[in-house]
Amino acid sequence: MPAGIVIRLRELHKAYDTREILRGINLHIEAGEFVFLTGPSGAGKSTFLRLLYAAERPTSGEVWIGGRRVDTMTRKDLPELRRQMGIIFQDFKLLRRKTVLENITFVLRFHGLSSREAQRRAYLSLKRMGLQHRQSALPDALSGGEKQRTAIARALAYQPRVILADEPTGNLDAELAAELMSLLCDINYQGATVLVATHDHSLLESIPARTLVLHRGAIQYDGSWPP
Amino acid sequence: MIRHSISEATGLLRQRALIGLALAAALAVPIALGGLTLFLGSWLRPYVGHGQPTVIVEVLLRPELDPGERSAWIHDVAEHHPDWKLREVPPQDLAARLSRWFPYLQGLMQNGNEELLPPLVEVRAPEPDQVTLLARDPKVLAVGPTTSLRRAVERAGRRIAAGLLGLTVVLLLASLLLAAVWTHLEIYRHADEITIQRLVGATEAAVRGPFLAVICVMGAVAGLLAAGGTLLMVHEVQDMARTLGLPQPRLAPWIPVLQIMLAVLLPLGSAWIALARHSELNLD
Numbered sequence: 001m002p003a004g005i006v007i008r009l010r011e012l013h014k015a016y017d018t019r020e021i022l023r024g025i026n027l028h029i030e031a032g033e034f035v036f037l038t039g040p041s042g043a044g045k046s047t048f049l050r051l052l053y054a055a056e057r058p059t060s061g062e063v064w065i066g067g068r069r070v071d072t073m074t075r076k077d078l079p080e081l082r083r084q085m086g087i088i089f090q091d092f093k094l095l096r097r098k099t100v101l102e103n104i105t106f107v108l109r110f111h112g113l114s115s116r117e118a119q120r121r122a123y124l125s126l127k128r129m130g131l132q133h134r135q136s137a138l139p140d141a142l143s144g145g146e147k148q149r150t151a152i153a154r155a156l157a158y159q160p161r162v163i164l165a166d167e168p169t170g171n172l173d174a175e176l177a178a179e180l181m182s183l184l185c186d187i188n189y190q191g192a193t194v195l196v197a198t199h200d201h202s203l204l205e206s207i208p209a210r211t212l213v214l215h216r217g218a219i220q221y222d223g224s225w226p227p
Numbered sequence: 001m002i003r004h005s006i007s008e009a010t011g012l013l014r015q016r017a018l019i020g021l022a023l024a025a026a027l028a029v030p031i032a033l034g035g036l037t038l039f040l041g042s043w044l045r046p047y048v049g050h051g052q053p054t055v056i057v058e059v060l061l062r063p064e065l066d067p068g069e070r071s072a073w074i075h076d077v078a079e080h081h082p083d084w085k086l087r088e089v090p091p092q093d094l095a096a097r098l099s100r101w102f103p104y105l106q107g108l109m110q111n112g113n114e115e116l117l118p119p120l121v122e123v124r125a126p127e128p129d130q131v132t133l134l135a136r137d138p139k140v141l142a143v144g145p146t147t148s149l150r151r152a153v154e155r156a157g158r159r160i161a162a163g164l165l166g167l168t169v170v171l172l173l174a175s176l177l178l179a180a181v182w183t184h185l186e187i188y189r190h191a192d193e194i195t196i197q198r199l200v201g202a203t204e205a206a207v208r209g210p211f212l213a214v215i216c217v218m219g220a221v222a223g224l225l226a227a228g229g230t231l232l233m234v235h236e237v238q239d240m241a242r243t244l245g246l247p248q249p250r251l252a253p254w255i256p257v258l259q260i261m262l263a264v265l266l267p268l269g270s271a272w273i274a275l276a277r278h279s280e281l282n283l284d
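Protein chains in written order, with the working numbering: chain A, 1 to 227; chain B, 1 to 284.
No lab work stands behind these hints: they were computed from the structure. One thing to keep in mind: the hints can contain errors.
Said to hold, decoys possible - Pairwise CB distance ranges, derived in the manner of DEER restraints: (1) B:A22 <-> A:R216: 50 to 58 Å; (2) B:Y188 <-> A:P208: 23 to 31 Å; (3) A:Q159 <-> B:L177: 44 to 52 Å; (4) B:T195 <-> A:P40: 23 to 31 Å; (5) A:S136 <-> B:A17: 23 to 31 Å; (6) B:T195 <-> A:T74: 12 to 20 Å; (7) B:Y188 <-> A:L124: 29 to 37 Å; (8) B:G11 <-> A:G130: 42 to 50 Å; (9) B:W272 <-> A:L183: 40 to 48 Å; (10) A:D186 <-> B:Y188: 34 to 42 Å; (11) B:P253 <-> A:R116: 43 to 51 Å; (12) A:S143 <-> B:G11: 22 to 30 Å; (13) B:P126 <-> A:T74: 54 to 62 Å.
What the hints assert, rightly or not - Interface residues of chain B toward chain A, partial, derived using beta-carbon atoms under 10 Å: (14) H190; (15) D192; (16) A206.
Think of the CB as a built atom: it goes at the ideal place given N, C-alpha and C, for glycine as much as any other residue.
Turn these sequences into a full structure, and let the hints steer you where they fit.
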């Protein structure tokens, strides 16, 4: 694999029983690229991302991240892979028993940070998302937008080299959505590879970036937006 | 990682303190019974014959048999029962042996009348009941003694030890199953959290640690309860032995230590297997 390629997919197929979700996807994403993945609901965007962070295994084909083959990776090696990624989940995936701050420090501790350093970084990340005043709240007490921002703060807190975001602005108002995109652009500018799955066309128009259009399980378009 | 496990385990314990305590008590019962079995086993060993695989039965022969006939009889019986060891009790020991049969005639027998005493043959046999069949032999006056306190203790000891051992094994298996089921239920109760932890890069050790720490705490509590329960039961047995005039039994110090170790290690092993099996499931 060439040195600059961070994500490479080869003949990627994913099917649930007889229903084919992804059909023979070939793709590579260079280090430092900002890429949108779009398509109608049910096009397979979320499945595409889940295959990248190995929450699912492909039916056939290969998934390579940072030079390592993911689809054949053992469970033991998965934590290390996932710690290299910042994943922003569509359903937030916050730990309900932990406060907003703890949700972030919890992840930072897996990166080997001391408790104090993890708390400092978590606070800074929350501050960047304008959530420092909610640091002691439990996720159930947060609004949809606040949960979304907490999930984003968690994903960005440890400055990952690859960011995968699944509908990151789905619960945010236009102003916060623009702020988030600006933040992702900053992080991308610093060298991180960003892949954002969205069905929001206004988001695609906000940033000139490579756009992949997924339709019926295949990449229908790969280029700048609008086509 | 250890600090993380302890902190998470504290949260789990706070949430499920009562159930945890009930589980510890359920685990303590078989381990306490196991401790009692070991204690009774070590106390009753001389009686139940674990140390000596054979039991001594005495056979009283007819007094009219001369030494030649007695030797021939002993030879004949030994030939038919190769696993028995027969020995004629020497005349100087006869009075002491027979005084067990006829305690009220002890004075008469020890008063220089040894030549009048009937011959006695000592039989060491693994199955004393087989020896009692010799009573049908016309050369035999009686076989025994068969109803001593020692025999009663021997039989009771065997039954109690076997019963307790069986009960302990069944209860222990039930408790281990309980620990495994509890771990499974807790894992499924926290399935979402575990999934999230894995998705954000938590290692298996970080995911399993809190559950194992909780099991360790519950096992330690169960071990202490079991050791305490065994001490109480030992105290009762000691009282009973004192009343019956039997040798005073003592609890070996390694028994409570073993109980605490088992109470921690057995459910830990059970939980380890449950967690390992769970990690094979694709919850992501």
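Results for each hint:
{"no.": "1", "hint": "B:A22 <-> A:R216: 50 to 58 Å", "in the structure": "holds (55 Å)"}
{"no.": "2", "hint": "B:Y188 <-> A:P208: 23 to 31 Å", "in the structure": "violated (47 Å)"}
{"no.": "3", "hint": "A:Q159 <-> B:L177: 44 to 52 Å", "in the structure": "holds (47 Å)"}
{"no.": "4", "hint": "B:T195 <-> A:P40: 23 to 31 Å", "in the structure": "holds (27 Å)"}
{"no.": "5", "hint": "A:S136 <-> B:A17: 23 to 31 Å", "in the structure": "holds (24 Å)"}
{"no.": "6", "hint": "B:T195 <-> A:T74: 12 to 20 Å", "in the structure": "holds (18 Å)"}
{"no.": "7", "hint": "B:Y188 <-> A:L124: 29 to 37 Å", "in the structure": "holds (36 Å)"}
{"no.": "8", "hint": "B:G11 <-> A:G130: 42 to 50 Å", "in the structure": "violated (29 Å)"}
{"no.": "9", "hint": "B:W272 <-> A:L183: 40 to 48 Å", "in the structure": "holds (43 Å)"}
{"no.": "10", "hint": "A:D186 <-> B:Y188: 34 to 42 Å", "in the structure": "holds (41 Å)"}
{"no.": "11", "hint": "B:P253 <-> A:R116: 43 to 51 Å", "in the structure": "holds (45 Å)"}
{"no.": "12", "hint": "A:S143 <-> B:G11: 22 to 30 Å", "in the structure": "holds (25 Å)"}
{"no.": "13", "hint": "B:P126 <-> A:T74: 54 to 62 Å", "in the structure": "holds (57 Å)"}
{"no.": "14", "hint": "H190", "in the structure": "holds (9 Å)"}
{"no.": "15", "hint": "D192", "in the structure": "holds (8 Å)"}
{"no.": "16", "hint": "A206", "in the structure": "holds (7 Å)"}
The earlier numbered hints that this structure contradicts are 2, 8.
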